[in-house]
Amino acid sequence: MGAVTHPHPDVVEFVSQHFVAAKLNGKEPAPDFNQALGRGKFFWGPLYVFLDSRGIELRRYLGFLPPDEFLADLRLVLGMEALIHSKPEKALEWFTSVTDRYPGSAASPEALYLAGSAAYKASGSLNPLIEIWDRLIAEHPESTWAKRADVIPDDLRTGS
Amino acid sequence: MSEIAWRTSYTETMEEAGRSRKPVLLHFYTPT
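Protein chains in written order, with the numbering used here: chain A, 1 to 160; chain B, 1 to 32.
Hints were generated in silico from the structure; no laboratory data involved.
There could be a bad hint or two in this list.
No more than 20 Å apart at the CA atoms, straight line, and that leaves these computed lysine to any residue pairs for SDA-like [unchecked claim]:
id, chain 1, residue 1, chain 2, residue 2
1, B, Lys22, A, Arg59
2, A, Lys87, B, Ala5
3, A, Lys121, A, Ile152
4, A, Lys41, B, Arg19
5, A, Lys23, B, Thr30
6, A, Lys121, A, Pro141
7, B, Lys22, A, Gly38
8, A, Lys121, A, Glu93
9, A, Lys23, B, Trp6
Isolated chain B (complex conformation):
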């Protein structure tokens, strides 16, 4: 496992959280 499997859709993230019952880490960023 070499990197975090970042999702890019909040909606899909919450759907997956609901399925897996895992909490959610949201990283808001501005590309530089």
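Excised from the complex, chain A in its bound form:
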């Protein structure tokens, strides 16, 4: 799958535009291999780890994804980066782009969950979070992200 996903023109363009990328060989590890792994272990490959420009970990997962799923996940990572850097409006743009461009992707429910978080941080109000999480629950009822979002007590809902 890596042979399909990594050379895909859309993947090449997106990664080149938004990331600094490194490929690290676990069979012949470089001296800084363990530093790159952080507190994790390399027990199965491929392993993807995403960091911000200062080395703060944003996300890690195992296994290749097809191009569209990989691209959706990269947008999720960029949203997370914006969120931890206190740029919730920018984060919301990235998360929304996941659900707009890749609505059927595995990343889409998580993007909606995090969009709720970004919308709350951007507005200081629970209302947009509730609206987005209600959409998450309606559109992806079987997702674990919907279950995580199903925590809003009725008395916090406007008009109740």
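Starting from the known structure of chain A, fit chain B onto it as the hints suggest.
Showing chain B alone in chain A's frame:
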């Protein structure tokens, strides 16, 4: 642009990330 410009040094990757302010994608793999 035909392929991702993969770096092979974590240290150099982080230096470039610091300069460019871009996040980092690390792909750990075992050659087959």
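Results of checking the hints against the structure:
1. Proximity of lysine 22 of chain B to arginine 59 of chain A is assessed by CA-CA distance (about 15 Å); at most 20 Å being required, the pair is judged to hold.
2. At most 20 Å may separate the alpha-carbon atoms for a hinted pair to count; lysine 87 of chain A and alanine 5 of chain B exceed this at roughly 28 Å.
3. Restraint check for lysine 121 of chain A and isoleucine 152 of chain A: the C-alpha separation of about 16 Å stays at or below 20 Å, so the hint holds.
4. Of the pairs offered as hints, the one joining lysine 41 of chain A and arginine 19 of chain B is violated, with about 28 Å between alpha carbons and a cut-off of 20 Å exceeded.
5. Distance check on the hinted pair: lysine 23 of chain A and threonine 30 of chain B sit about 10 Å apart at the alpha-carbon level, within 20 Å; holds.
6. For the suggested pair lysine 121 of chain A and proline 141 of chain A, the alpha carbons sit about 24 Å apart, so the restraint of at most 20 Å is broken.
7. Proposed proximity of lysine 22 of chain B and glycine 38 of chain A is supported: the alpha carbons are some 19 Å apart, at most 20 Å.
8. Using a Cα cut-off of 20 Å, the hinted pair lysine 121 of chain A and glutamate 93 of chain A holds, with the two alpha carbons roughly 13 Å apart.
9. Between the alpha carbons of lysine 23 of chain A and tryptophan 6 of chain B the distance comes to roughly 6 Å, so the proposed pair stays at or under 20 Å and holds.
Hint check: violations occur at hints 2, 4 and 6; the rest are consistent with the structure.
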